[in-house]
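Visitor: Sequence:
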Amino acid sequence: MEHSSIYEHPHIKDYILQQYEDYVDLFPSGVERDYVQTRFGRTHVLKLGKKDGKPLFIFHGANCLNPMTLSWFEGLFPEYKIYAPDTVGHPGFSSERRIDPEDNSFALWTLDLLHHYGLDTCAFAGVSYGGGILLRLAAFYPEKINCAILVVPAGIIPFSKWWTMKKMLLPFTLYQLNDSTKQVEAVADAMSAGKMKAIDRDIIATIFQHVTLEHDLPKLTEKQELHHYRAPTMIIAGMQDVFFPEEKLFETAAPLFGDLLEWRAYNMGHFPSREHIDRMNKDMAAFLLRHYR
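Numbering follows full-length UniProt numbering, in which position 239 of the sequence shown is assigned residue number 239; successive positions increment by one, without gaps.
Note that these hints are calculated values from the structure, not bench results. Every residue gets a Cβ at the ideal spot worked out from N, C-alpha and C, and that includes glycine. Take the hints with a grain of salt, since some may be wrong.
Calculated cross-link-like contacts (lysine to aspartate or glutamate; reagent style DMTMM-like; alpha-carbon spacing at most 25 Å) [said to hold, decoys possible]: (1) K248 with E222; (2) K54 with D112; (3) K51 with D120; (4) K81 with D100; (5) K51 with D278; (6) K219 with D202; (7) K282 with E262; (8) K248 with D216; (9) K47 with D14; (10) K219 with E96; (11) K282 with E225; (12) K197 with E275; (13) K81 with D14; (14) K197 with E185; (15) K195 with E275; (16) K219 with E275; (17) K13 with D216; (18) K144 with D100; (19) K81 with D283; (20) K144 with D52; (21) K219 with D278.
For each label pair, taking beta carbons as the anchor points, the in silico distance ranges come out as [said to hold, decoys possible]: (22) K223 with R33: 34 to 44 Å; (23) R230 with W263: 33 to 43 Å; (24) D216 with R33: 21 to 31 Å; (25) S5 with G75: 19 to 29 Å; (26) F250 with T121: 20 to 30 Å; (27) Q224 with S4: 33 to 43 Å; (28) L26 with Q224: 34 to 44 Å.
Could you put the whole structure together from the sequences, leaning on the hints where they help?
Guide: Written as structure tokens, this is what we have:
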């Protein structure tokens, strides 16, 4: 079945994929690339980290590039074998075909990837939209998850439209109208509490202006969907997150996960600062050490 490109023009795709490559070049040497054929299309996977380490799957955020949010986990690279797929239908090297985030499609997509690598179960992490993907797996195939880390996750509370509009609508609208550096900075500052890296700012500017954005989030997880879910779960939230505010997130997550939940909240936006990335990695490493068996 034919599908239209998510990119405004082929040269925009080429430019974004070069931005992707420039980001990968910042990682430690030894990054490998696979293309895995799944029932939802060809999926590009970055593999890195400790060759004989325990496997850790990491799902990235929407409307960004896989290496951007993968870089938030750099402290785990020395100890774990990282598998980081480019989400199908999002910017990157995977198929551009978008799939339904409300049903079991992302869970089946993950099963195809696990099967390819011969993994029956492992640890998972997901950032924002990627957290919502991980929760779809938890709903349909909970036995695949040894333990889980959800960073500023979708899939628990609705997108905070009022708060996001208050912080982002005017600068984002002005940016789309005139593509000014000042408005790019305003959008980036709202997303990151003023701490977004320059390389991330450039990528977000290109994607927001020239790529068809993904607006549909993974389905909100219901308590009954996690009836068989038994995996220890850490949630990392941002007190200044314009999309999923920390207080509302905790209010819903606490009863959803019960005793399985370990909660961390930092005074950060949806994108963490360098300082918060360091803190996240210490907390995530300690969590995995305690629970990844």
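Visitor: Confirm or reject each hint.
Guide: Hint check:
no.: 1; hint: K248 with E222; result: holds (15 Å)
no.: 2; hint: K54 with D112; result: holds (19 Å)
no.: 3; hint: K51 with D120; result: holds (18 Å)
no.: 4; hint: K81 with D100; result: violated (29 Å)
no.: 5; hint: K51 with D278; result: holds (23 Å)
no.: 6; hint: K219 with D202; result: violated (30 Å)
no.: 7; hint: K282 with E262; result: holds (14 Å)
no.: 8; hint: K248 with D216; result: holds (20 Å)
no.: 9; hint: K47 with D14; result: holds (22 Å)
no.: 10; hint: K219 with E96; result: holds (20 Å)
no.: 11; hint: K282 with E225; result: violated (30 Å)
no.: 12; hint: K197 with E275; result: holds (12 Å)
no.: 13; hint: K81 with D14; result: violated (29 Å)
no.: 14; hint: K197 with E185; result: holds (11 Å)
no.: 15; hint: K195 with E275; result: holds (10 Å)
no.: 16; hint: K219 with E275; result: violated (31 Å)
no.: 17; hint: K13 with D216; result: holds (22 Å)
no.: 18; hint: K144 with D100; result: holds (21 Å)
no.: 19; hint: K81 with D283; result: holds (18 Å)
no.: 20; hint: K144 with D52; result: holds (20 Å)
no.: 21; hint: K219 with D278; result: violated (30 Å)
no.: 22; hint: K223 with R33: 34 to 44 Å; result: holds (39 Å)
no.: 23; hint: R230 with W263: 33 to 43 Å; result: violated (18 Å)
no.: 24; hint: D216 with R33: 21 to 31 Å; result: holds (28 Å)
no.: 25; hint: S5 with G75: 19 to 29 Å; result: violated (36 Å)
no.: 26; hint: F250 with T121: 20 to 30 Å; result: holds (28 Å)
no.: 27; hint: Q224 with S4: 33 to 43 Å; result: holds (36 Å)
no.: 28; hint: L26 with Q224: 34 to 44 Å; result: holds (43 Å)
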